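First to last, the sequence lines map onto chains A and B. Per this note's numbering: the first sequence ends with 495, consecutive numbering throughout. Per this note's numbering: the second sequence ends with 838, consecutive numbering throughout.
Read the hints as simulated data drawn from the structure, not as lab findings. No experiment lies behind these values; they were computed from the predicted model shown. The beta carbon of each residue, even a glycine, is placed where N, CA and C say it ideally should be. Just so you know, not all the hints are guaranteed correct.
Said to hold, decoys possible - A few chain A residues that face chain B, going by a derived Cβ cut-off under 7 Å, partial list only:
id, residue
1, Val90
2, Gly233
3, Val237
4, Arg238
5, Glu239
6, Glu240
7, Glu278
8, Ser279
9, Ser280
10, His292
11, Ser293
12, Val297
13, Asp305
14, Pro312
The chain contents come next:
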Amino acid sequence: MGNLELIVEKHSERIHHGIEVLPSLRHGLPEGLGNKRWTAELILATYEMALTGDLPKNGLEYRTGNSGGGFDVLGWKNNGFARIDQESVDLSIPLNKREDGKKITIPLPIYGGGMSFGSISLNFMLARARAAKRLDTFMSTGEGGYPDEIVPYRDHVITQVATGMFGVREETIQYAPIVEFKYAQGAKPGLGGHLLADKVTSEVAKMRESSMFTSLYSPFPFHSVYSVEDHKKHVDWIKTVNPRALVSVKVSTPTDVDMVAIGSYYAGANIIHIDGGYGGTGAAPEIAKKNIAMPIEYAIPKVHDYLVSEGVRDDVVLIASGGIRTADDIAKAIALGADGCVVATAEAVAVGCTHCGNCERGRGCQVGITTTDPELSRFIDPEWGETRIVNLFTAWSKRLRSILAGFGLESVRDLRGRRDLLVRYK
Amino acid sequence: MGKQEAEGGCGVVGLACNVPLEGKYLLQSLVQMRNRGNGKGGGIAAVGLVPEQLGVSEKILKEDYILQVAYLNKSVRKQVEDEHVRPFFVVDYEARVNAVDDYRSIPGLEVEPPEVYRYSVRVKRDVLADFARKNGLEGLEENEVEDEFLYQNSYRLNQQYYSSLGEKKAFVVSHGKNMIVLKLVGFGDDVVRYYRLEDFKAHVWIGHHRYPTKGRVWHPGGAHPFVGLHEALVHNGDFANYHSIMEYLAQRNIHPLFLTDTEVSVLLFDLLSRVYKYPLEYLIEALAPTTERDFEMLSVEKKRIYRLIQSTHIHGSPDGPWFFIVARNDVEKNAWQLLGITDTSMLRPQVFALQEGPVKIGIIASERQAINAVLGKLQEDQKIPSRFADTYWNARGGSFTDGGAFLFTVKDGESGKVLECADKFGKSIELPAQDWLPQVGSSVSLNASIAIQLQRGPGARDPWGFYEYVRPALRDAGFQYVGEILEELKRLAMKGQESRQFAIKSLSLLYDRIYDTGRKKRSSLLQLYHEALNDVFSSISLSNYDLYTRLDWKNRSRLIHPGFDEQVLVVDALEFPAEGQESTARFVVDAYREGWKNILLYNLRGHRFIGSGLGARTNDLKIDCYGDVGDYVASGIDGCEITVHGAAQDQAAQILKYGKLVVHGDVGQAFMYAAKGGDVFVLGNAAGRPLINAVGRPRVVINGTCLDYLAESFMAGDPYNGGGFVVVNGLRPSFDGRFVEHEYPYPGSNLFSLASGGAIFIRDPYRKVSSEQLNGGRLADFTMKDWELIRPFLEENEKLFGISVKKDLLTVQERSLDPRQIYRKIEPITLQELA
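Make a model of the complete structure from these sequences and hints.
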């Protein structure tokens with residue numbers, strides 16, 4: 070065994086062992102772990118669910134954080150007792166509600182959000198792709214290109230076309246069952262993507278065909294899209310390249326997000342994906358996170374109600390993201406009016422993210438998630454990561470079923486827009 | 004008050020002509036731009052009308068206001084007339100505006116268009132005197148007071164019958180002199196059909212498709228054009244600072260009623276022109292301020308005035324993507340105008356064109372193909388000699404060069420009306436005094452038949468030899484002789500497969516190349532070549548054994564695999580949709596999958612995405628495009644070779660990966676956005692924002708110039724080591740067929756901004772490019788190593804376009820110079836922001 074192998078093995082073992090032991094609280098709650106949104110308990114609970122595929126049994130809070138706002142001050146109406154059998158609850162949602170185009174249904178109302186090769190390691194990307202395949206759902210490439218290694222999972226990989234169009238080629242559009250236009254990210258609307266020089270290793274630069282160790286900024290807008298008819302043309306272009314692809318339009322949540330949503334719908338989008346301000350890795354600038362986009366819990370009802378009033382709600386899928394941490398968050402987002410949710414950070418927590426916030430640095434991530442360093446990125450074994458993510462989503466599914474069964478709802482589709490089931494804590 | 008209507012996109016077209024033209028000439032261009040609207044709003048404006056058509060005398064047409072009221076609810080007409088028309092106006096003429104009997108006979112019209120009544124009116128003298136007295140307007144000229152009365156009366160009518168009601172009952176569509184506006188819920192071309200405007204004549208027309216995205220109930224009141232008083236405006240874009248402009252207007256006691264940014268735009272225009280009486284130049288400056296280096300390049304005097312205008316009006320200046328087309332009656336000067344203004348960053352598509360012949364016509368549109376659609380229809384009806392303009396160009400927004408605006412003016416000349424075209428600064432667009440078809444200029448006399456001459460010359464094998472052989476005659480001979488050459492080529496095309504190939508290649512050379520045409524207008528020659536090429540293509544039949552075989556929309560299902568590799572599939576694109584699964588682009592994909600390696604498209608008219616969808620590694624495929632290729636041509640190609648015979652439009656070669664693209668003309672906005680590679684040759688100019696975010700190894704030669712933002716965030720590695728670069732030659736073809744220098748090889752700011760890789764090589768013998776134009780890059784010495792790098796591309800450029808490395812590129816004022824004295828290099832520097 071070479072020296073590097075030893076080092077990798079040693080560190081991986083310690084990390085893996087650590088995140089297995091910590092949730093037992095044998096050593097108490099770790100100090101300095103997490104923050105008010107992702108509390109230490111929530112992080113440990115996520116570790117536990119990713120290990121066992123079940124909800125934590127030792128009382129760890131796995132449903133909500135402690136931010137004093139957002140989903141953390143929304144709770145469920147007291148519903149008494151379970152009315153139907155949890156096992157019979159249907160969690161599946163369709164991703165295409167239009168009459169034309171391929172019908173795709175995912176068995177749980179969740180898929181993986183865009184995190185690019187470069188922002189995260191190839192191994193983590195592979196773990197996500199494998200998990201998406203096993204769960205029969207999707208993950209998104211982000212805008213750093215489409216590594217050959219994930220081609221075998223292409224039926225479960227969404228190709229993102231973002232404003233820099235790094236690594237976007239005809240075949241990457243043709244691989245994809247779903248193509249996602251990223252117009253903006255809720256964590257940093259109006260700023261475009263950015264990958265700092267530190268992380269632009271030779272591998273990353275090669276994938277994006279850019280210069281090594283030079284920061285990469287995607288423009289804020291698409292330079293070919295400055296209006297809705299340009300957007301329509303953009304969609305037509307993708308459909309010329311890949312006529313079978315469904316189209317998702319990812320936007321952040323400005324005050325006129327409802328207008329953006331309806332415009333996207335009329336231009337042919339199958340999925341409208343609204344991304345609120347709570348998400349983003351530590352690489353997103355602090356000044357932007359939570360400070361620009363509308364909170365997702367405000368944006369969802371605004372868009373949902375508007376689509377209803379326009380009479381098109383049942384022709385389009387509304388997906389919410391931006392700080393979805395738990396099964397309860399997902400259920401709350403759906404009760405507010407979404408069809409389903411996109412998560413990304415939670416998957417990172419499943420494989421050991423501690424929310425230390427050093428994501429922008431090349432060797433900042435001590436657990437090997439948001440790094441492209443050839444050594445650090447080997448801490449995550451794709452198969453191990455796959456199991457952890459699948460376990461997390463399995464545990465979440467149990468929680469979702471229990472919430473739905475508690476309200477006597479047979480399908481997660483019946484929860485959509487049921488704001489009457491929510492209460493707001495003071 | 005919030006903006007009630009959300010919209011961004013639109014398709015716009017405007018034309019001005021020294022003779023009145025029928026509305027049908029607007030139709031085809033609007034039909035071909037339907038993909039820029041969604042059928043929820045269309046409108047037209049016409050200025051400079053024909054008195055007989057309106058049933059009034061010339062005097063009344065000139066002096067009266069044409070008040071047009073749209074009645075959404077027909078029963079309110081008497082009430083509206085009694086309240087807002089009869090008491091105040093002398094009505095010289097009134098009638099219901101002609102319309103088809105049943106709107107449902109026009110496919111796609113779902114909402115009944117309003118019934119429009121037209122009143123030719125003057126304000127009663129006593130009413131006017133009373134109005135002036137009550138409002139303290141006695142100091143104004145009488146016509147100014149009358150204008151204001153009209154304006155206020157219409158405002159009150161709209162307020163009462165449109166904006167204050169749940170149910171919208173009536174509104175004033177237009178009230179200016181010698182102009183009308185009509186609009187409905189539908190497409191722009193539906194307006195022409197519904198109101199029977201096919202044969203209605205006007206000197207100036209504008210047309211508009213709207214793309215509103217909000218609301219299930221649409222009203223024609225929300226459609227463009229909107230009017231001020233004597234002007235109508237259509238708009239493509241969306242303001243970011245709508246609220247700021249609303250406050251600016253509110254401070255001036257102007258309160259919009261229709262709540263779209265288009266209405267706001269025309270109110271701004273009216274305020275600046277009618278109230279503040281700004282000359283057009285200052286008006287444009289107030290709307291689209293000159294900024295950055297362009298401001299610095301202005302004269303001291305202009306800087307002083309512009310600074311004052313900007314400090315007064317900057318918060319009323321629309322911010323964001325917008326393009327206005329304004330049709331206007333300059334009552335005082337008895338002139339009718341068509342004006343196009345772009346925002347400072349040129350974020351919306353815009354093309355201008357001018358043609359002179361028996362009539363002179365200027366056109367503005369969102370796409371070049373829409374311009375050619377207007378010209379094509381006029382040519383078909385033999386009103387003009389050619390379906391090609393003499394010149395096409397883009398405006399450079401907020402610039403010191405043209406000010407981002409061009410004005411076509413129809414006014415009285417010595418014998419009838421004349422059309423003039425000038426930019427913001429009043430600099431006119433001049434066309435050379437050449438002959439057009441069918442007028443014959445100086446002509447060489449022929450002793451022998453052309454066929455014999457051609458055989459004695461190059462023979463029927465070598466198109467390049469043929470081209471060189473006929474070149475002197477193309478300069479000296481008349482149209483008749485050229486016509487005879489073309490007849491001979493057409494005859495050859497019917498003789499056999501090889502001579503057909505010779506004919507097509509020869510005709511293509513005549514069509515593509517720049518050469519001295521002597522007394523003859525190039526646009527007229529292009530018409531002849533275009534016809535000859537179309538005749539040759541159309542004569543090709545469906546056969547699996549011939550070198551050329553042809554399919555069209557009707558026979559598309561007969562596509563089978565080629566008989567042999569060299570076989571050329573000729574596709575008549577005319578009736579294929581511009582986009583979608585049945586589009587020309589998808590048919591090309593189908594043909595390639597069937598095994599076709601040579602595909603020739605003709606009769607293109609704005610067909611989009613040609614070359615897209617072919618997938619990876621298509622090195623064995625060649626595509627030739629004739630006609631008006633649409634947006635996104637060659638986007639994403641990976642290996643194949645596409646030749647565009649003519650100009651390309653916007654978003655050409657987006658994410659182009661590998662392969663070759665040759666454009667015998669200009670390219671539009673956002674050219675090669677995020678391209679990864681490709682060898683690309685452009686004969687003409689690129690519009691705004693070419694090569695943004697390009698990576699990898701694109702090697703590009705642009706023989707013209709670019710508007711602005713060339714190669715922003717360029718990341719194409721090390722050009723000496725497989726990376727990419729852009730050569731800008733800064734040349735333009737002169738009307739006598741030479742390549743001459745543009746005034747500035749690159750006039751904009753923002754050259755190679757924040758680039759981290761690659762290089763720009765710019766032909767700049769007079770050292771006009773300065774470091775102030777850079778934002779992150781630096782001017783570096785151009786070395787012989789650089790020359791060796793770009794020379795092969797310039798040699799290929801010479802083969803493709805006939806731009807000689809020696810005689811055109813390395814010669815300055817008839818002196819042959821070293822490349823190092825001619826070219827300059829811009830390279831990236833390591834920026835703190837990027838490290």
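Quick one, is the Glu240/A hint okay against chain B at 7 Å, beta carbons? Because about 4 Å separates Glu240/A from the closest Cβ in chain B, which is inside the 7 Å limit, the hint holds.
Does the nearest C-beta of chain B fall within a distance shorter than 7 Å of the C-beta of Arg238/A? holds, 5 Å
With 7 Å as the cut and Cβ atoms as the points, is Asp305/A at the interface with chain B? At about 4 Å, which falls below the 7 Å cut-off, the nearest Cβ of chain B leaves the hint on Asp305/A intact, so it holds.
Restraint outcome when Val297/A is required to lie within 7 Å of chain B by C-beta distance: Result: holds, 4 Å to nearest chain B Cβ.
Interface hint check: Ser293/A, Cβ to nearest Cβ on chain B, cutoff 7 Å. Holds or violated? holds, 5 Å
Under 7 Å is the threshold here; is the Cβ of Ser280/A close enough to any Cβ of chain B for the hint to stand? holds, 4 Å
Hey, does the Val90/A contact hint survive, CB to chain B under 7 Å? Violated - the Cβ of Val90/A stays beyond 7 Å from chain B, reaching only about 41 Å at its closest.
Any CB of chain B closer than 7 Å to the CB of Glu239/A? holds, 4 Å
Is the interface hint for Pro312/A satisfied, with its Cβ closer than 7 Å to some Cβ of chain B? holds, 6 Å
Is the interface hint for Val237/A satisfied, with its Cβ closer than 7 Å to some Cβ of chain B? holds, 6 Å
With 7 Å as the cut and Cβ atoms as the points, is Ser279/A at the interface with chain B? It holds, given that the least Cβ distance between Ser279/A and chain B is near 4 Å, below 7 Å.
At a threshold of 7 Å, is the proposed contact between Gly233/A and chain B supported by beta-carbon distances? holds, 5 Å
Hint compliance for this structure: hint 1 is the single one not met.
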